[in-house]
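Residue numbers (the numbering used here): 26 to 264.
Quick caveat, the hints were computed from the structure, so don't treat them as lab data. A portion of the hints provided could be inaccurate.
[Stated by the list, open to error] Distance windows between CB atoms, simulated:
1) Asp47 - Asn140: 18 to 28 angstroms
2) Asn61 - Tyr157: 37 to 47 angstroms
3) Asp187 - Gln263: 34 to 44 angstroms
4) Gln122 - Ser239: 32 to 42 angstroms
5) Glu252 - Leu64: 35 to 45 angstroms
6) His125 - Gly149: 30 to 40 angstroms
[Stated by the list, open to error] In silico SDA-like cross-links for lysine to any residue, where the CA-CA straight-line distance does not exceed 20 angstroms:
7) Lys40 - Lys52
8) Lys169 - Val81
9) Lys220 - Ala37
10) Lys40 - Tyr157
11) Lys237 - Pro190
12) Lys79 - Leu64
13) Lys237 - Ala197
14) Lys40 - Leu64
15) Lys220 - Pro190
16) Lys195 - Arg217
Source: prediction; values computed, not measured. Beta carbons: idealized from backbone N, C-alpha and C, even for Gly.
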Amino acid sequence: MATPHIAAEKGAFAKTVLMPGDPLRAKLIAETYFENPVLVNNVRGIQGYTGTYKDVPISVMASGMGIPAIGIYSYELYSFYGVENIIRIGSAGALQQEVHLRELIAATGAHTDSNFAAQYGLNGTVAPVADYTLLSTAVEAAQKLQLPMHVGTVFCSDVFYDDDPQSTEKWAKVGALATEMESAGLYWTAQRLRKRALTLVTVSDHILTKEKLSAEDRQNTFSQMMELALETAVAMAQK
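Model the full assembly from the supplied sequences, consistent with the hints where possible.
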């Protein structure tokens, strides 16, 4: 039952899908953590795998970069493959002094400059927010794993190279912990389809201090985020 962007059979995906931006990270997660991973999609190089972790079926598939891309893949997974939960796992640039490199953030909501939600024709603003059950489950899992994690809003931008150098600083003033590029599209899609979504990100660079992680540090640090997402998926299977 292929869609325009996913070539997989019905039932190929688990109820919970982990969604990094990078297809190679999806492959790494499947090969590192899954028992008996099976490649179920590779259209346009967007790799999707299904396997088990602690005997719980879990899938992982890349989203690509930006709101339009994650909007397409999340819509098709939710609408045509019976997926109930999508956990975005990615990187972000910190916007607050108290948020440091390598630290985790769970996004309660996503401020955004995107016009993605205009399609719904609402006479107002629909807030892109995380599902509470997924969020609270992730917070509990982080506590059990003894992983410190910030919980709050992020700024989800449509642009990476912004002509306004003060843009992110303005979003920092309203409390955004970090900036990234996918959460709002995922949250809006999940809300519209009455599904669950959550974004977990690792701070890979700091917009204020200009600090950045090396490629090696990113790989080692992101393992904590991957394990947190996997433990959250396992806990969700029991709810």
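Checked hints:
1. Here the CB-CB span from Asp47 to Asn140 is close to 26 angstroms, well matched to the stated 18 to 28 angstroms.
2. A beta carbon spacing of about 32 angstroms between Asn61 and Tyr157 contradicts the range 37 to 47 angstroms that was offered as a hint.
3. The hinted range of 34 to 44 angstroms is satisfied by Asp187 and Gln263, whose Cβ atoms lie roughly 42 angstroms apart.
4. Look at Gln122 against Ser239: about 22 angstroms separates their beta carbons, and that is not inside 32 to 42 angstroms.
5. The supplied range of 35 to 45 angstroms is broken by Glu252 and Leu64, whose beta-carbon atoms lie about 22 angstroms from each other.
6. Take His125 and Gly149: their Cβ atoms lie about 36 angstroms apart, and the range 30 to 40 angstroms holds.
7. Note on Lys40 and Lys52: the hinted pairing holds, with a Cα-Cα distance of about 19 angstroms set against a maximum of 20 angstroms.
8. Note on Lys169 and Val81: the hinted pairing holds, with a Cα-Cα distance of about 19 angstroms set against a maximum of 20 angstroms.
9. Between the alpha carbons of Lys220 and Ala37 the distance comes to roughly 18 angstroms, so the proposed pair stays at or under 20 angstroms and holds.
10. Between Lys40 and Tyr157, the direct Cα distance comes to roughly 17 angstroms. Compliance with the 20 angstroms bound is thereby established for this hinted pair.
11. Between Lys237 and Pro190, the direct Cα distance comes to roughly 18 angstroms. Compliance with the 20 angstroms bound is thereby established for this hinted pair.
12. For the given pair, Lys79 sits about 19 angstroms from Leu64 by alpha-carbon distance, which is consistent with the 20 angstroms threshold.
13. Simply put, Lys237 and Ala197 have alpha-carbon atoms about 18 angstroms apart, close enough for the 20 angstroms limit, and the pair holds.
14. The straight-line distance between the Cα atoms of Lys40 and Leu64 is roughly 16 angstroms, inside the 20 angstroms bound, and the hint therefore holds.
15. For the hint pairing Lys220 with Pro190, the CA-to-CA distance comes to about 36 angstroms; that exceeds 20 angstroms, so the pair is violated.
16. This hinted pair does not check out: Lys195 and Arg217 have alpha carbons roughly 28 angstroms apart, beyond 20 angstroms.
Of the numbered hints given earlier, the model fails hints 2, 4, 5, 15, 16; all others are met.
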